[in-house]
Each structure stands twice: as structure tokens, then as C-alpha cells.
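**Q** Kindly produce the complete structure, drawing on both the sequences and the hints.
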Amino acid sequence: MPIPHARSGAVPAALLAFLLSPSVSAAPTAVGGAVLSPVAPADLPGFPGAQAEAALDAFRRVCAAPAPAQPQPDGVAGDPAALAEACTAAAGPVPDAAAFFRERFDAFRIDRPGADRPGFLTGYFEPELTGSLAPGPDFPTPVLARPDDLISLAPGETRPGLDPTLRAARATADGFAPYPDRAAIDDGALGAHAKPILWLRDAVDLLVLQVQGSGRVRLPDGRAVRVLYDGRNGRPYTAVAKLIVQEGHLPLEGLTLARWTGWLRAHPEIAKRLIRTNASYIFFRLAPVADPALGPPGAANAPLSPGRSLAVDSTLWRYGLPFWLAGPLPGAAQDGAPDATGRLVIAADTGSAIVGPARGDLFVGTGPAAGVVAGNLRDAIGFVVLLPRRAAAPGAAP
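The sequence shown runs -26 to -1, 1 to 372 under mature numbering (1 follows the signal peptide of the UniProt record, and there is no 0).
Keep in mind that the hints were calculated from the coordinates and are not lab data. A hint or two may mislead.
With a Cα cut of at most 20 Å, we get these calculated SDA-like pairs of lysine to any residue [to be verified]:
1. Lys169 - Thr146
2. Lys169 - Tyr203
3. Lys169 - Pro109
4. Lys246 - Arg175
5. Lys216 - Ile244
6. Lys216 - Tyr203
7. Lys246 - Gly149
8. Lys216 - Asn350
9. Lys169 - Leu229
10. Lys216 - Leu229
11. Lys169 - Ser106
12. Lys216 - Ile249
13. Lys246 - Asn350
14. Lys246 - Leu217
15. Lys246 - Asp160
16. Lys246 - Pro114
**A** What follows is the structure, encoded as C-alpha cells:
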């Protein structure tokens, strides 16, 4: 394994002990074009943070979750057997959460040669909207269930005669065809395959729900239901907020979710055109809100933990891996967790825009306040991955 450069030319004693420890597992030296440089936990200022118990709770949720519906590809970083051992240990009594992460994992700084910043962190949230299980004058916009003719394609999977860049197909009598884009779906291209599961107040609320991938909807009788991602049409995504800026309607500076969605509602004809430009379309299913304090299930099938669940590039990193976000997180300061030197989070989700070894999207919670935090979170940050250690074999040399 490469040894980080020391200013004095000598290897720090803590790092030397770390490298020579017999419990250190074989680990990749590079992931996704980034170099993994081992670092002693003692050399990570503030690690593992003042609320290691919250990270341990998030880790336990991923450990206990059913297998993801979309399996991760072979070769992702993170020894599955070692991670299973850590999960087993976490299921029992853990008297010291901080010691658990120090002793069960080895830390590796993710270095990207030539990059202009160490890594990049954004935020996402679960919107809370108002809606109805029946259409009406106040709720005319349908949220559609997954159509029965939609075929989702895994990364790298293709179908005969289909553009390989598309991530979904439509089964027809003549074979496979591209799934209709947003404009065509809005115009009724799905026919009887389009089955609404509830109705929202307008197309802007539907766009917010689709951009975030899930949400809570408050019904007229006061009950709340969860609306969960259940597939997409496989078309490329275009950010409507970016189009608003490109066309000169609003400046990029200070562009919050509330501002650009408010602008869309104030300009309905332009809003309709811009929203239809985004060819991507998301389908949903309904679920109860089992624990109001937690978010929806992420791609790892575990409920998301506000401030502790991280969306990562799932083609590179195994779900359940802890990451130390090294450095202050000014954009996340409003979510209540201490973040002066860093934060310990758990890989539990993914997203089409989350690409690369040092790119993450932090789940910050539910509702309008979380939406503000998510909109402000755009921080250059260092990424340190914690790879699980294999337990020493019985009879191994100490």
C-alpha cells in the first residue's frame, strides 16, 4: 500500500503501527481513478466525531436491511465477508461506538491526482407535499405507478435494437422499444398502463417528488403516506433549475429550491415547456410511514438516517461502508449535528448524478427546513473511506 508523504520524511509512529498491524486486510490501492492512501485514525482531526452512536445506528440499519432490489456489480470496494463480520459485531452490545469504528475498520484517504478539489458533497431530502388519493380541483396532477410494460435495465445491460444509453425499455409485440419520454407520457402515451396512485396540486410538486426520488404526502384527513421510487423511463435527466438559469430567468447566485419552484408556479406556460424538456420520468409506489424520524429506504433497502446516510457511486463502493467527511461542513450546519472537523456517515443510497470515488450526496431529513439545508449543501470536502478488517484467523500470530 502506498505510504502518505510525511513532512519530516519519516513515517509517523501511529501510521507505522497501523500499517504493520496483522489485522489490516488486503485493500485496493485505487478505486475509480483515485488513490487510496492509508491513514491512521489518530491523524484524522476529530474522528470519529462526537456522535459516533448515530453513525453506528445508521450502520446497523444497513446491516439489517434486506438485499437491495438492484444488486451492486462485482468488484465494488469493500470486502463483503469482512463487512458481514462487522455487522455481526454491531448487532451485539457495543459499549463504545467510537472504538468500534477505530478497531473494526481501516481508514483510507481518497486522493484524486490532478483534481481541483478533494471531493464534492451535496445534499438531498424527502419533500413533504400535500395530496389526495382521489383527483379533484385542488389535486389534478397524477402520480403514476410503475407500468406493467416497463423493463428496467441494470448498468451495462442492453436489449436488441435499443440505444445502449437508455436505461429502460418497453416490451412490445415486435420486441423492445424505447420507453416514452416525459412529454409523451404527459400527452397520454402510456394509455391504460398509466395508473395513478395519488394526485398532487401541480406539475411542480410532481417534479420535486421525481427529482428527490421519494417523499411524504399529507392527505386531506391528516394522514401521511410515503411515496417511494419504483422505476424510471430510462431517459436522460435534465435539471429544470439549470434551464431556468441558462435562459436568464433567474441568477445562479442564491438559487434555492423555494425560489426556482416559486418562479415556475408564477410562470406556468414557461414552466410547462421547461418541465417537458426533462425527458426523465419517475414512477412510484405507496408505503406507510413506519418511523417519522427516519427517511425512506435508500438503494441499500435501509431507512435513511438524517445527517448520517450518504448516497455514493454504487458501481465503486459497497453499501454499508462508513465514510469520514473530512473538514467543516458549513452547508450542513443546520441539521443539528456537530461538523467542525468532519462527520462519520454510512453509504446507504445512490443516484444517477453521484459519479466518482469522492462524490457524495448527504440525506439531511424531511420537509421544508431539510429542503433549505439540502439546497445550501454544496461543499468541497475530503473523503476518507473505512474498509472493514477481517478478523484474525484462529491460531494466527499476534
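**Q** Is Lys246 close enough to Arg175, meaning Cα to Cα at most 20 Å?
**A** holds (14 Å)
**Q** Holds or violated: are the alpha carbons of Lys169 and Thr146 at most 20 Å from each other?
**A** It holds: about 19 Å lies between the C-alpha atoms, which stays within 20 Å.
**Q** When you check the alpha-carbon spacing of Lys246 and Pro114, does it fall within 20 Å?
**A** Holds, at about 15 Å.
**Q** Is Lys216 close enough to Ile244, meaning Cα to Cα at most 20 Å?
**A** holds (14 Å)
**Q** Taking only the CA atoms, is the gap from Lys169 to Pro109 under or equal to 20 Å?
**A** holds (12 Å)
**Q** Is Lys246 within 20 Å of Asp160, Cα to Cα?
**A** holds (10 Å)
**Q** For the pair we were handed, Lys169 and Ser106, check the Cα-Cα distance against 20 Å.
**A** OK: Lys169 and Ser106 at ~15 Å, within 20 Å.
**Q** Is the hinted pair Lys246 and Asn350 satisfied, with a Cα-Cα distance of at most 20 Å?
**A** Not OK: Lys246 and Asn350 at ~26 Å, beyond 20 Å, violated.
**Q** Assess, step by step, whether the Cα of Lys169 is no farther than 20 Å from the Cα of Tyr203, and give holds or violated.
**A** Answer holds: Lys169 to Tyr203 is near 15 Å, not above 20 Å.
**Q** Given the proposed pairing of Lys246 with Leu217, does the C-alpha separation stay at or below 20 Å?
**A** Cα-Cα ~12 Å, so holds.
**Q** Holds or violated: Lys246 and Gly149, Cα atoms, limit 20 Å.
**A** violated (33 Å)
**Q** Are Lys216 and Asn350 close enough, with their CA atoms no more than 20 Å apart?
**A** Cα-Cα ~16 Å, so holds.
Comparing the model with each earlier hint shows violations of hints 6, 7, 9 and 13; every other hint is respected.
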